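**Q** The listed protein sequences correspond, in order, to chains A and B. Everything in the first sequence is counted per the numbering used here, starting at 1 for the first residue and increasing by one. Everything in the second sequence is counted per the numbering used here, starting at 1 for the first residue and increasing by one.
It is possible that part of the hints are untrue.
Once the Cα atoms are required to be at most 25 angstroms apart in a straight line, the calculated SDA-like pairs of lysine to any residue come out as [claimed, not checked]:
no.	chain 1	residue 1	chain 2	residue 2
1	A	147	B	248
2	A	142	B	158
3	A	78	B	219
4	B	107	B	42
5	A	167	A	195
6	B	235	B	166
7	A	167	B	27
8	B	176	B	156
9	B	71	B	26
10	B	192	B	207
11	B	60	B	255
12	A	147	B	37
13	A	142	B	167
14	B	19	A	251
15	B	242	A	120
16	B	242	B	72
17	B	107	B	37
18	B	237	A	141
19	B	147	B	96
20	A	142	B	62
21	B	60	B	75
22	A	167	B	234
23	A	142	B	240
24	B	19	A	125
25	B	242	A	126
26	B	179	A	37
27	A	37	A	278
I should point out that these hints are in silico values taken from the structure, not numbers from a laboratory. Since this is a predicted model, take the numbers as computed values, not measurements.
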Amino acid sequence: MRFIKAEKVTFEYIRRDEDGNVEGINRAVDSVSLDVKEGDFISILGANGSGKSTFAKHLNSILLPTEGTVWVDGMDTKDEEKILDIRMATGMVFQNPDNQIIGQVVEEDVAFGPENMGVPTQEIIERVEESLKTVGMLDYRKDSPNKLSGGQKQRVSIAGVLAMHPKCIVLDEPTAMLDPVGRKEVIRALRALNDVEKITIILITHYMEETIYSDKIFVMNKGKIAMEGTPREIFSRVEELEEYKLEVPQITKLAYELKKQGLRLPDCVLTVKELADALSR
Amino acid sequence: MLKDVTLGQYYQADSPIHKLDPRVKLVGTLLYMISLFIFNNIYCYAIAAVFLITVIILTKVPVWYMLKGLKAVLFIMLFTVVFNIFFTPGEYIFEFGIFHISREGIKGAVFMIIRLTLLIVSASIMTLTTTPNRLTDGIEKLFRPLKLIKVPVHEMAMMMSIALRFIPILMEEADKIMKAQTARGAKFDSKKFMDRVKSLIPLIVPLFISAFRRASDLALAMEARCYHGGEGRTKMKPLKYKAGDIVSYVILALYIAAMVAVGILSARLAFFQFLSK
Chain A
1 MRFIKAEKVT FEYIRRDEDG NVEGINRAVD SVSLDVKEGD FISILGANGS
51 GKSTFAKHLN SILLPTEGTV WVDGMDTKDE EKILDIRMAT GMVFQNPDNQ
101 IIGQVVEEDV AFGPENMGVP TQEIIERVEE SLKTVGMLDY RKDSPNKLSG
151 GQKQRVSIAG VLAMHPKCIV LDEPTAMLDP VGRKEVIRAL RALNDVEKIT
201 IILITHYMEE TIYSDKIFVM NKGKIAMEGT PREIFSRVEE LEEYKLEVPQ
251 ITKLAYELKK QGLRLPDCVL TVKELADALS R
Chain B
1 MLKDVTLGQY YQADSPIHKL DPRVKLVGTL LYMISLFIFN NIYCYAIAAV
51 FLITVIILTK VPVWYMLKGL KAVLFIMLFT VVFNIFFTPG EYIFEFGIFH
101 ISREGIKGAV FMIIRLTLLI VSASIMTLTT TPNRLTDGIE KLFRPLKLIK
151 VPVHEMAMMM SIALRFIPIL MEEADKIMKA QTARGAKFDS KKFMDRVKSL
201 IPLIVPLFIS AFRRASDLAL AMEARCYHGG EGRTKMKPLK YKAGDIVSYV
251 ILALYIAAMV AVGILSARLA FFQFLSK
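Construct the complete structure from the given sequences, taking the supplied hints into account.
**A** Next up, the structure:
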């Protein structure tokens, strides 16, 4: 079943001068069409300014397309009456963990979403506990978010979305402000969600390492979808990726260069172990 | 300097005061503050101080944590003390040119210090033992009747809780900006007053810009989590009075009664002393 369907989505930022005259039009997203199946782990890759974040905001009607249509779980995002249903179906996690945590205590923050939805008290408590457990933050439920590390804060944000029981979570560069340890924590939590809870994940990022485990990758460049395919298909096109200002994981790059020098290696190598195995053969 | 303000800083501990209904704490703090202003004699202050110290012990919050809040208002305190000492007319015990210190002035100053200390500490207790969300829940529920005359109670409570949540974050940010500007040669520690005022501009402008950015991010995040005003909202921890809250109200009533009794008694006493003179 197609959970998200975007058809020729275009979004323009209109810049105006002081008198309100149109100064210029900035086409951030340029007729993007894509489908996402329920239960998939999708990554959208792109350099800064490629339009990936703007596109992500279309997935729960924070932004509405200038042209084209986005359907989420069969609902048109332009339909104002369905706006709450759409936002319940697709949760969203943003880049800066500090700017999306509303509560002063971890569990109060996680409860914010369900409270807005009007979930009964007893069920909120259950949901909060369950979602904190899923992201491995249950021990911190009574703590202040200010005391947590970046990775932990971001896991709390994910728990906050999870407590709304969405079918899909869109993450807009959730790891951009984290250190390598925090990044691993977050990605591990996402993979677990996808594997165990079967929640559709749409990960927007510019770190290619994070997309290795996705079912499908879309690469965006200048508002358009430039490439799409499985990680292996995408990562084997090293030169093309570099053209879009994306950094290929070191190990993939190394294997690519070795192969170019005449070593017999498979087309695309994603992990250190894979390369070691291939070399020892 | 910026980290000294304890207002809005929740201190997690497992104490009977933490568990109280926020409405009790709000009403209590308010009544306590009013009582300090109405009854200003030494006996009443003694009762108020004993009451406050008992509460402090019950909260299990380290005392220095509460006194930290005082540091921020030290300047105001000094200011009022100086004014009280030098500008209160009465029986002069020290004179030097235009300066004169009166017995009443010293008494006024001492009272002022006691009163301000009690005030600030009592406010700190409320914010240290209540999470801002609970606090705003309390305010929202306490002022709910005002909704009838179209006061946006929920919205105001929400704004307050967000403001409180961002105070520590913005302070940290101010600290960071200060360091960044110092690294570029800005002087924040100049002796001249005007220089100091001017030096605040490169601090305040970036701080405001960042605050606006944070606000717009937060608004997005709240909207994405289905926030749509107070209508149809449920609570994870709905406010319900428990036995402990009712006991606290009784204790509070006893405290007020004691204050009123002692206040009237000491006023009488002063009156008779005045008559017998």
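**Q** For every hint, state whether the structure bears it out.
**A** Going down the list of hints, with the structure as the test:
no. : hint          : result
1   : A:147 x B:248 : 32 angstroms, violated
2   : A:142 x B:158 : 21 angstroms, holds
3   : A:78 x B:219  : 20 angstroms, holds
4   : B:107 x B:42  : 10 angstroms, holds
5   : A:167 x A:195 : 13 angstroms, holds
6   : B:235 x B:166 : 22 angstroms, holds
7   : A:167 x B:27  : 44 angstroms, violated
8   : B:176 x B:156 : 30 angstroms, violated
9   : B:71 x B:26   : 23 angstroms, holds
10  : B:192 x B:207 : 23 angstroms, holds
11  : B:60 x B:255  : 21 angstroms, holds
12  : A:147 x B:37  : 38 angstroms, violated
13  : A:142 x B:167 : 20 angstroms, holds
14  : B:19 x A:251  : 54 angstroms, violated
15  : B:242 x A:120 : 20 angstroms, holds
16  : B:242 x B:72  : 36 angstroms, violated
17  : B:107 x B:37  : 16 angstroms, holds
18  : B:237 x A:141 : 14 angstroms, holds
19  : B:147 x B:96  : 58 angstroms, violated
20  : A:142 x B:62  : 19 angstroms, holds
21  : B:60 x B:75   : 28 angstroms, violated
22  : A:167 x B:234 : 22 angstroms, holds
23  : A:142 x B:240 : 20 angstroms, holds
24  : B:19 x A:125  : 17 angstroms, holds
25  : B:242 x A:126 : 22 angstroms, holds
26  : B:179 x A:37  : 49 angstroms, violated
27  : A:37 x A:278  : 33 angstroms, violated
The earlier numbered hints that this structure contradicts are 1, 7, 8, 12, 14, 16, 19, 21, 26 and 27.
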